[in-house]
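Those protein sequences? They're chains H and L, same order as listed.
For what it's worth, my numbering labels the leading residue of the first sequence as 1, then goes sequentially.
For what it's worth, my numbering labels the leading residue of the second sequence as 1, then goes sequentially.
Treat the hints with care, as some may be off.
As a list, the in silico SDA-like pairs of lysine to any residue whose alpha-carbon atoms are at most 20 Å apart [to be verified]:
1. K195(H) - K26(L)
2. K26(L) - I197(H)
3. K208(H) - A85(L)
4. K354(H) - L246(H)
Hints listed in this document are in silico derivations from the structure and should not be mistaken for laboratory results.
These numbers were taken from a predicted model, which means no experiment stands behind them.
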Amino acid sequence: MTLTSVGKGISDFLRAGGPPKADGPPAGGFRQAMSWLHTWVGLTLGWVLFFIFLTGTVGYFDTEIDRWMQPELPQAQIGLDSTDTAEVLLDRLRVEAPGADRWFLTLPAGRHQPYPGIFWQGASIKAGASATSGELPVNGNTGEPFVARDTGGGQWLYQMHWRLHYLSRTQADIIVGFATMFMLVALITGIIVHKKIFRDFFTFRPGKGQRSWLDAHNVLSVVALPFHLMITYSGLIFMGFSYMPLIVAAHYGVDDEARQQFISEVFDPPGLVAPTGESAPLVPLDDLIAVAEERWGEHRIRSIDIRHPGDSNARIIFYENIERRVSSGGERLMFDGVSGKLLHRVPPATSAAKGARDLFVGLHEGLFAPPVLRWLFFFSGLLGSGMIATGLVLWAVKRRQRMEKTHSLPHLGLRLVEKLNVGTVVGLPIGIAAYFWANRLLPVASVGRADWEVNLMFLAWLMMLVHAACRPNHRAWIEQLAIAGFAFGSLPLLNLLTTDRHLWHSLAVNDWVFVGFDLTVLTVGLMSGWAAWRVWQKRPLIDAGGISIKQGKSAQQLPGEQL
Amino acid sequence: MESMLSSLTEWVLGFGGMGSLCLSMKSHARQIGNLNHWTGWPGLKWLGWSLLAFSIAIVVGVRGWGPGLVSFFGMLSAATLLVIALITYRPRWLVYASLACVAAGPILTGFYVLL
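Could you put the whole structure together from the sequences, leaning on the hints where they help?
Right, dumping it as structure tokens:
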């Protein structure tokens, strides 16, 4: 491809959409202007948004995926006695992390923390620590650390939706920030543009090409509109400190230290003090646990945070479990680490502003959600992903239909969008399936295993983008949907062949996390296969180099009709 | 178990409410064919809105404002999507399913309150 043809392609691309003469000038009124904005704000970062939405949606089951991806671990140890578990964890910390600045004990309080665990910072290697800082899941019954395969698990998959994995924190923040802002604009302009939001509330007209795609896009958007608005707005709130740094800077200053002071004032409990350097024995935790459980109820201590253990200024902070309220964060109790005296009772939110922020963060994360509600969050996230996917496809379908009417050839922009659509809407899920395949197939002892799982996910996605670029558009949809069908549908079989925790076993021992994972991927596989079959049925009669030639009504049926 | 019953109740009330609202619309009543004696009847609109209001009252009463409203909107999305699927592909089933839900909603609520 020569440079001039690329240049021409780009100019065609812009002409086809830019404040275009063909679409009628946007001067035609407020709604047209909003319609133009909706189209272009939605398209520009649409594929990034699809990535953010889909990986975030999968993230509602992060802990469950973690567990599927470490099949060596036993069933959850939720409900162990708090006092015994804390003792076991403390013993383990004394072995692994002597001389540390901070010991952190995680109790198996519920879904988010199925196993006890420890975390430490600033340990002394000289005193025999295994590392200066570290994190270990610990078997609450034996006190031994769990040994399981190295994996990023559901956590990495979930963190991708704002960390974008390969990018630095700053780069990711900027991209995700713009994408989220675009999403919010797309939602608001979408509401303005949608003329018959109530009259067409229940309307879906299948088999009518562009009209059907618009209906599908509207239905997916309107049906879960409260969720879409909430998730987008709260996504912005989440990153407020990064996106509006000047507000903090104005009050605290611009250097890192000032910023740290702000963060610690907002998030740390009051009354933390520097160590004195004089050693003093740590108070036994039993009595403190009794005080906390008296106040919060049994098994409702989420974690115990010990600052400067063994110092005369040691402080111990107890965190309340978070499953009872929507807002993120629970109450905290701060004790003197030597005398065991209760020093502070810190409410979940220390100010109205913090309370509002915590509410949005809590809504976004959905950590409070019991199983049924968790599924609804997941389902709403899928609707959001579907909303973005249908919007992207609609953009292409509309232009292809117009192009067919005028018997012109598709311009570069249209072809690019069509290929990115297949390669992302189906290619990304295939990448996620590859992530799970890699988890089972990479040798357990291989070096950099966790990183390679993710690399394989992105390589698979890249391959799908290349595949989409090479194949006629309609063929690409069929083939990739079939690949997705196979990749997801056969995961339970792969699990059967590579572990002893297959579906029958999971059903027999009531291991609902494994049952849920296997059945969910099986369902996704079957639906992809079914979609592949439907698109195949509706393939255009003549299919040459991505140009479908109108043949009766069939050319109205567009790629991925049944997605 | 208790939370399953309350989830089911919310879903049934949501489906009954959304189903009634859908059937109260003339454009959708036409999709039903010769069963449309009651469909398109404006009373259905009132019935639909009352069921939704009732559902909010129940869910907020049971779960509190925060989790209650989150659950309400989630359940309503799930119920509405099924209403749309039925009116598109099996319009008559929507009539039967809505009738069943309108009848079952108050009964389930009764169960829930009594238990």
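In rising order, the numbers of the hints this structure does not comply with:
No hint contradicted; all consistent.
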